[in-house]
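Visitor: Residue numbers (UniProt numbering), protein chains in the order written: chain A, 1 to 405; chain B, 1 to 405; chain C, 1 to 405; chain D, 1 to 405.
The hints are simulated quantities; they were obtained by calculation from the structure and are not laboratory data. Accuracy of the hints is not assured; some may be wrong.
Given that identical chains are not distinguished, each listed pair holds provided it fits within a single copy or across any two copies.
Pairs of lysine-lysine, DSSO-like flavour, derived with a Cα cap of 27 angstroms [as the list claims (entries may be wrong)]: (1) Lys54 with Lys8; (2) Lys296 with Lys282; (3) Lys54 with Lys292; (4) Lys120 with Lys292; (5) Lys59 with Lys400; (6) Lys282 with Lys396; (7) Lys54 with Lys120; (8) Lys43 with Lys282; (9) Lys131 with Lys282; (10) Lys292 with Lys43; (11) Lys400 with Lys43; (12) Lys296 with Lys59; (13) Lys43 with Lys131; (14) Lys296 with Lys43; (15) Lys59 with Lys396.
There are 4 protein chains.
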Amino acid sequence: MEFALSDKAQDYYDRMTAFLEEEILPAEAAYHAELTGGGDWTKWRQPETIERLKVEARKRGLWNMFLPDPEHGAGLSVTEYASIAEVTGRSFIAPEAVNCNAPDTGNMEVLHMFGSEEQKAEWMLPLLEGKIRSGFCMTEPGVASSDATNMAATARIEGNEVVLNGRKWWTTGLGHPNCRILIFMAVTNPEADSHGRHSMVLCPIDAPGVQIERMLTVFNDYDEPFGHGEVSFNDVRLPASNVIAGPGRGFEIAQGRLGPGRIHHCMRSIGAAERALQLLCKRALEREAFGKPLAKLGGNAEKIAEVRMAIEQARLLTMKAAWLIDTHGVRGALSEISQIKVIAPRVMEMAADLAIQVHGGAGVSADFPLTQIYAGARCLRIADGPDEVHRMVVAKHEIKRQLQG
Amino acid sequence: MEFALSDKAQDYYDRMTAFLEEEILPAEAAYHAELTGGGDWTKWRQPETIERLKVEARKRGLWNMFLPDPEHGAGLSVTEYASIAEVTGRSFIAPEAVNCNAPDTGNMEVLHMFGSEEQKAEWMLPLLEGKIRSGFCMTEPGVASSDATNMAATARIEGNEVVLNGRKWWTTGLGHPNCRILIFMAVTNPEADSHGRHSMVLCPIDAPGVQIERMLTVFNDYDEPFGHGEVSFNDVRLPASNVIAGPGRGFEIAQGRLGPGRIHHCMRSIGAAERALQLLCKRALEREAFGKPLAKLGGNAEKIAEVRMAIEQARLLTMKAAWLIDTHGVRGALSEISQIKVIAPRVMEMAADLAIQVHGGAGVSADFPLTQIYAGARCLRIADGPDEVHRMVVAKHEIKRQLQG
Amino acid sequence: MEFALSDKAQDYYDRMTAFLEEEILPAEAAYHAELTGGGDWTKWRQPETIERLKVEARKRGLWNMFLPDPEHGAGLSVTEYASIAEVTGRSFIAPEAVNCNAPDTGNMEVLHMFGSEEQKAEWMLPLLEGKIRSGFCMTEPGVASSDATNMAATARIEGNEVVLNGRKWWTTGLGHPNCRILIFMAVTNPEADSHGRHSMVLCPIDAPGVQIERMLTVFNDYDEPFGHGEVSFNDVRLPASNVIAGPGRGFEIAQGRLGPGRIHHCMRSIGAAERALQLLCKRALEREAFGKPLAKLGGNAEKIAEVRMAIEQARLLTMKAAWLIDTHGVRGALSEISQIKVIAPRVMEMAADLAIQVHGGAGVSADFPLTQIYAGARCLRIADGPDEVHRMVVAKHEIKRQLQG
Amino acid sequence: MEFALSDKAQDYYDRMTAFLEEEILPAEAAYHAELTGGGDWTKWRQPETIERLKVEARKRGLWNMFLPDPEHGAGLSVTEYASIAEVTGRSFIAPEAVNCNAPDTGNMEVLHMFGSEEQKAEWMLPLLEGKIRSGFCMTEPGVASSDATNMAATARIEGNEVVLNGRKWWTTGLGHPNCRILIFMAVTNPEADSHGRHSMVLCPIDAPGVQIERMLTVFNDYDEPFGHGEVSFNDVRLPASNVIAGPGRGFEIAQGRLGPGRIHHCMRSIGAAERALQLLCKRALEREAFGKPLAKLGGNAEKIAEVRMAIEQARLLTMKAAWLIDTHGVRGALSEISQIKVIAPRVMEMAADLAIQVHGGAGVSADFPLTQIYAGARCLRIADGPDEVHRMVVAKHEIKRQLQG
């Protein structure tokens, strides 16, 4: 066993940390000021700050680090990138600054692994350049999407065309002014077995029949300029070549997409938890009541310890899951991937909740990013499969393991 | 022991429930539509809906029920009103509809108990009529307000005048277009002992030197049209007769105000928890995954049971605290009042959290009132003394009790 | 609502508390010394101390208070007796001292409600006198007894006889030297519907075919002299008149037995929790570390508050369940009875666990009754239906309630 | 990062697992039968079974693996041995079978690191041979031993002699028939600073003035034949050469002893948690209620997942703490060592508690080792520093880190 980072990962980690602390964290206030400068109704635009940070990131060689491919990315393994993802999780604007933000990373991965040369040229390269943004359309408003077999949207093949119908929501990034392309998951062949039934289709956002119905709030926040949208597809006709890797391969693509993506999400969650813990400690040392800093009052110190212990454990488990993907593939890491999907958001939520409490009224206000961290964590307990589904996955693996001896 | 409501309380309870179900709940959508009709920036106005409901409430004899005084109120004991407060907690617009909303109730109580005839005529009567709204200025941004001795604002007596200075925040209702009067708590005599140091002063919102600095969000929500504000007092000069009950009685007034007020808050929390549980059950029965309604999947049923058990217990404890106030006075109920202040928001948060989880993405959106319930609960764990302070109060009472044997 | 005890209950409560504090608690050490005086292998005998206390209890008019019947008992309602049961829960030897100990109370109730005159004369009267002890044979080692339909034991009617076969365990009291009679529950007619399938049979412990297989430990404790036994019934032939209330009425009797019995158990649990909290506070005030009494260190005070809040709530819920039985019958209290069955042992366990922690090594030793309280609570989470089953009952009631609106 | 075991650790792990499964687990029943064969009062003897296993262990080269020294031990690093310790934690009799049981391991380490040649020859070698057993005397009954400065026992130097006085308890192994030597920690120079005040002294168990006062139960279990004792030292005079490493070095030795020792304890805890989870799954698959195996009922599967997730995280954190000791020394791992001291027993307790619940009545009986696992975990939350103290250590490190960060 070896718990130190590889030299390469350590180098990226140090440089990413420096970039975060020197440029990104100090830019957060400007970013939010630009976003809200014109009032709430003008938030759906790209702040200049982020474009400036993107230029700086490329200069520093901190760009597309999520992609293991050394040609288009940094050539980091999943394990190596994981620590970088954690650093980016410490600021909500960091992931985009280094072109490593969801859902674009997942979409780029899909195109990189499964896309045709034409698809790559048209969509992957501009995404890798950070020139356009994308969305992923999976969850549906009308059914319990925790059960994938409930999916009702369709992508029928008609001759050389594919015809999309259905309604999706929680499509993150749908509101971004640069959003150009959606990956739409739907049923192509309801007669096929459950793993061969779905397709993923590249659908330009301006295709006829694509209708953005509304943007959704998350704990009252639109998360502009990315946003989360509800979008309907009404007889959207596209060339059949827009189907990624061919009809019926949607499930397979989704599985491949989810492994590393969950590592990223979870490590960003851990970074966010660290941010919350940092704010918590700072406040607990600064504010006094009953003659002592809050850090020394009642059970506060013990709670700080609990957060630290929870973060350490969640990080190690996530790193191990990453290492399993690198060494045994996603299929060899299924239980661990579900485990971290439960654990990492829980730790993030716990850290945010305690930090809010120590901040008092300030904690629930917009003066600190704590409600944003809390809300992010709360959503992650639902998104990409709710906790309950992941616990069932873990239990099934456990029972199988025990039966085998 | 007798767990049934008194006949009088039962009558009010039934009529309030009928009003809620027949008029208030069906009006929620219209209320929110009016509020947001002109876009986010126009929310600071009073929706017509609420004025319509107020008229209806008076017709039904459901008005100012919080006030034990039979002349101005309904003549209900604290215990009797508690059940009514629970019903109003099931809708965020119900308390105002029956003129029983915080912080106006507390302010009316203060005037009723401690106000001069002039003060009553000028401010209490219009408040009882629901014609004006009011704010309460206690918490300060610059210090840990969980320790009351940290209070920095001052109300100096200079001849016939009182001069106010300081900065307050989390003044709920400050943004309401009808808000006319603030009760400002501050230090008058820093040399006095800790119970005789403070005063409460009636300060018209348009007095020279009163400056609304900003409105604060709570989990991104301004809670319009009431809102929570940060407000500075810069050499605000008022007649000394604006000091309620005379200088140095602020602490005494605050104590009297907090007892029944916390019962109200806690019972509304329990009503909100019931609303969340109701929504939870409804959704869990409607939605299916893996071939079953969510209510029958995994641990969901057991969690429903946990919420039910937590609500039942919190309600009984709050009712007992109310009964103690009625029979032994606020001072005979101090431990129990602190207990419910911890327990009721916790139950409300727990119910909201589980309901959010069962709703999936819809749960964190504005399609359901669940994030509002959650955020309300989260704030109550901080407001009026954070959980930590109340647990210390309970522990002190317990240790004293054990020492006495 | 009225949270004070009735005059009659208060009188018994005060007298029971006085007896407990004046006689029972001081006698605990002598009781245990007698029990273990001859070494571990001689514990299966009745200590003189308990017989002395029984005499004193009768003198004080504190005897058979559990029985609502004023002729044989004290004529207390379930609600009134509940508070007395709590007091007896503060010492493990108190219930027997006042002839209100399980399982004899339940067995006496069964005989009182369903027994024939002959059965009453032969078994109920000596039990009421405290001259003999009894056992209740329900749980079986070979199946998951949480599901009553799993019951495998049989009580076949053959002419004028009933023939018992099967194996039971966790028959409390089986080891008591004065144990004379068992109530055996078994299947009489497997074809009948689930509510008419079982019978309860009075089986003398010395009937041919009754074989005590072994006594079971609970966390290494035999709980002598009562004990918990495993017992087999091999073609035990008894007069058919030994069937209580006639064949097929076992389920009905069990239901009637469980309502008040669970109130008793739960209130005793709350009394035990109070005892643990008392010991906890005492120790936390006596011992010092890092220059302070433990009560002021870290989160200890907050935990004391949590225990107090949990106890208050559990007591109120149990009292309400008792009141529901008195006013609406057992069938009107089914959800609440299941609720307290989950909550009360949980509170008892929580109080014991925290008290153990504050006592350090002494807490897990026999120097304090804390592991006994803990183990008692732990068993109650399993006995008479495990928590999981009771949560399902609560959830079913809740869902039905919500569907009815 | 690399989560695989080293080749050497893997080899030992595989062989230890084989020994456990082939020899030790099947011998548990015989061990307990021998122990209890003559009745409870004869348990203080060494079962033949364990001596037979010791012979087999040496044949298999599985002996003294805890000692990093390749001459007397296996030459495994702390990290490498950690996995072996986990395997031994799966059976309560495994550690002694391979001569890796506490407290002998810690005592051997102390002698190995700090002992003189004479001390090694006289005590370390027979311990390494498994011929004698030893005890460690630190905790005292009269004070809160969580605060080391409370220690009252003394080891005064008088000329060539050291004179021991004081009372200790929770000396594990004191009851073992082969126990020959105690390491006694006490104050030598109360004027010295807190790190130079104490000494550790080798005290033969038969030295005049050593009095075993009693053996203590842990949840009613004496844990024979090792046991936990209370022992007084009354003017015990020994040659000054019995002081290990010289007077005043007790604290330094204790620190060195505790680092690897806590790794061992925690990994054995994790092994015990695995055993509990294994039993839990087995029972949950075998028993049926309401027509399904318990594993599929209600929230049971989700709870199995929670145990699995907790174990995985605790193991990784413990392995990292071990790695930190190997790479940065005990002083570089202080926070992590305190973290695992809180986490590992908690996981062990959680697994045992859930397993008990799933086993129903059988779970609290002696038919399964679950109460033993539970009690072991419960004690570890107190022994070697209670959770509260370790959380304070973690919090202090965290706050220091944040202030520097």
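Visitor: Each hint should be assessed against the structure and marked as holding or not.
Guide: Now for the hints, and whether the structure bears them out:
1. Lys54 with Lys8: within (22 angstroms within a copy, 47 angstroms between copies)
2. Lys296 with Lys282: both (13 angstroms within a copy, 24 angstroms between copies)
3. Lys54 with Lys292: Result: close neither inside a copy nor across copies, 43 angstroms intra and 48 angstroms inter.
4. Lys120 with Lys292: This pair counts as neither: shortest intra-copy Cα distance 60 angstroms, inter-copy 41 angstroms.
5. Lys59 with Lys400: Neither. Shortest intra-copy (49 angstroms) and inter-copy (34 angstroms) distances fail the 27 angstroms Cα cut-off.
6. Lys282 with Lys396: Answer is between; shortest inter-copy Cα gap is 13 angstroms, intra-copy 42 angstroms.
7. Lys54 with Lys120: within (22 angstroms within a copy, 62 angstroms between copies)
8. Lys43 with Lys282: neither (30 angstroms within a copy, 35 angstroms between copies)
9. Lys131 with Lys282: Intra 38 angstroms, inter 45 angstroms, cutoff 27 angstroms: neither.
10. Lys292 with Lys43: neither (42 angstroms within a copy, 41 angstroms between copies)
11. Lys400 with Lys43: Neither way: Lys400 and Lys43 sit 50 angstroms apart in one copy and 39 angstroms across, limit 27 angstroms.
12. Lys296 with Lys59: neither (44 angstroms within a copy, 55 angstroms between copies)
13. Lys43 with Lys131: within (19 angstroms within a copy, 36 angstroms between copies)
14. Lys296 with Lys43: Neither. Shortest intra-copy (41 angstroms) and inter-copy (42 angstroms) distances fail the 27 angstroms Cα cut-off.
15. Lys59 with Lys396: neither (47 angstroms within a copy, 39 angstroms between copies)
Consistency with the previously given hints fails for numbers 3, 4, 5, 8, 9, 10, 11, 12, 14 and 15, ordered from lowest to highest.
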